[in-house]
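Just so you know, the protein sequences line up as chains A and B, in that order.
Sequential numbering of the first sequence, starting at 1, is according to my numbering.
Sequential numbering of the second sequence, starting at 1001, is according to my numbering.
It should be emphasised that the hints constitute simulated quantities derived from the structure, not laboratory data.
We treat Cβ as the ideally placed atom computed from N, Cα and C, and that holds for glycine.
Treat the hints with care, as some may be off.
Label pairs and their calculated CB-CB ranges [said to hold, decoys possible]:
1) B:Ser1131 to A:His36: 47 to 57 Å
2) B:Arg1193 to A:Leu145: 42 to 52 Å
3) B:His1004 to A:Ser128: 12 to 22 Å
4) A:Gly115 to B:Gly1196: 18 to 28 Å
5) A:Asp151 to B:Ala1190: 50 to 60 Å
6) B:Glu1181 to A:Ala126: 28 to 38 Å
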Amino acid sequence: VYGVALRLARDEAEAADVTQEVYLKVMRYLHQFAGHSRFTTWLYRIVVTTASDRRQRWRPLLRLDEVPEGSPPVIQPAEQESALLEREAARRLQAAVAELPRRLRLPLVLRYVAGSSYREISEALAISEGTVASRLSRGQRRLALAYRAADGEDRQ
Amino acid sequence: MGRHVDRWMAGYLDNQLSPAESDRIGRHLRGCTRCQGRLREVAAGAELAARLDAVEPPAVTIARIEALLRTPPDPEMRSSPPSAWHLPGWSRLGLAGFWGSAWRLGRPRLGRPGSTGHLAPVSHWPRLVWSVAALAGVVAAFWFWPARVSFEPASAPPGSLEQIALAAFRRGGPPAGQDLETDSPEAARAWLRVRGLSAALATERRASFQLRGVTDVSRPGITAAAVRYAIDGQEAVLVTALASQVTDAPRWGVLGKRVRFQSTADGAKLLTWSNSGKAYTLVSRLGHRGEQACLICHTDARRQRLIARLAGQ
């Protein structure tokens, strides 16, 4: 749940709040789960709607634990070069995913983070399976292009 | 060569297409270099997306959720379902629609060009009368229609603002530690403002209202404060928190404020609402549903009348 929320919320603190809200909603509305779909489909639908709701009422608040932009990254002296590169690649990938429009990001996150099938994604997002396939195609292509562009910028 | 097959590429790579569709895409790809390039990009994207692993939430988030889930709901608490609060708004809208229709019907009718009707003298009186009536009806619908409320048994969710407020109300006693013991509304407001919170406290001194102080009742993930006061010697607690941190604060309805009323077996009455990004729960044993505890804060005469009317129902 947190992994999906993190890619939808674009912010770790917001993702933590979404996760908490999802758990409370699940606990509260569990009796309403009729079993017509898989539990995970129902769960991820709650994650998606909760993240959307929070996004609508989002206010720009400065969090005290926020690191100001432009601060130098903290690098541990004992950190291996390979670990550093790996971390950098993960950061670049995360940024490329965050750049995707929401309608393309949602199916991608549900497919590759939550491991949902096309049918489950279509139920969670209330779109047809054809639309899921189409959005995945476009999302994957744009992700590759964005990642490659970020990679090129970093090498310059 | 046929049409390009961009939209089917993810399905083709994931083996989600029927054999016939797969054959068709495969045939097209063999003869189209553009689509071959695009397919490589889609496949690269899939490879990248597969590297997005499931991330564990921070330990503090897990602890926060566990603490919330452990908080037992108060089985005695009764509340009304949120859907009930839409009724006042819709009823007002319906009334406004009715008067609007009446206004349309009251317009003078003109005949069609060519008929003798459009040459006949037209009286504007019906239109004027209906317009005034319609305007008065809309104003009445929006200003004087009392909010409808109802009670239905339901449990407040664990960790909700109501649970925090009820705990603060039952705990009672003077504030301690970094909390503030004061009878000054200005000092209490300043204390709240530092924490990003606010509460509408009457600035004028009234004999029936005694401010006791403000207490920090924050929980993990929820910054909350309790304003303690007494009305005619009866204790009341107003708990406020950021609405974004509260899972279940009622928001504004279609055309009016949604307030959730709840009561407990031991006579505590809870009102919960949200306003300007803050959520509030007021707990007391006052009034019909506790609305009288609100009266002290509101200097607006119209709102006081509305609250008094609600309290008298």
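For each hint, the structure was consulted:
Separation of Ser1131 of chain B from His36 of chain A is about 52 Å and conforms to the stated range, judged on CB atoms against 47 to 57 Å. The supplied range of 42 to 52 Å is met by Arg1193 of chain B and Leu145 of chain A, whose beta-carbon atoms lie about 47 Å from each other. Checked against the hint of 12 to 22 Å, the pair His1004 of chain B and Ser128 of chain A passes, with Cβ atoms roughly 20 Å apart. Between Gly115 of chain A and Gly1196 of chain B the C-beta distance comes to about 39 Å, which lies outside the given range of 18 to 28 Å.
As the Cβ distance of Asp151 of chain A to Ala1190 of chain B is approximately 51 Å, the hint placing it in 50 to 60 Å holds. At about 53 Å, the beta-carbon gap between Glu1181 of chain B and Ala126 of chain A misses the expected band of 28 to 38 Å.
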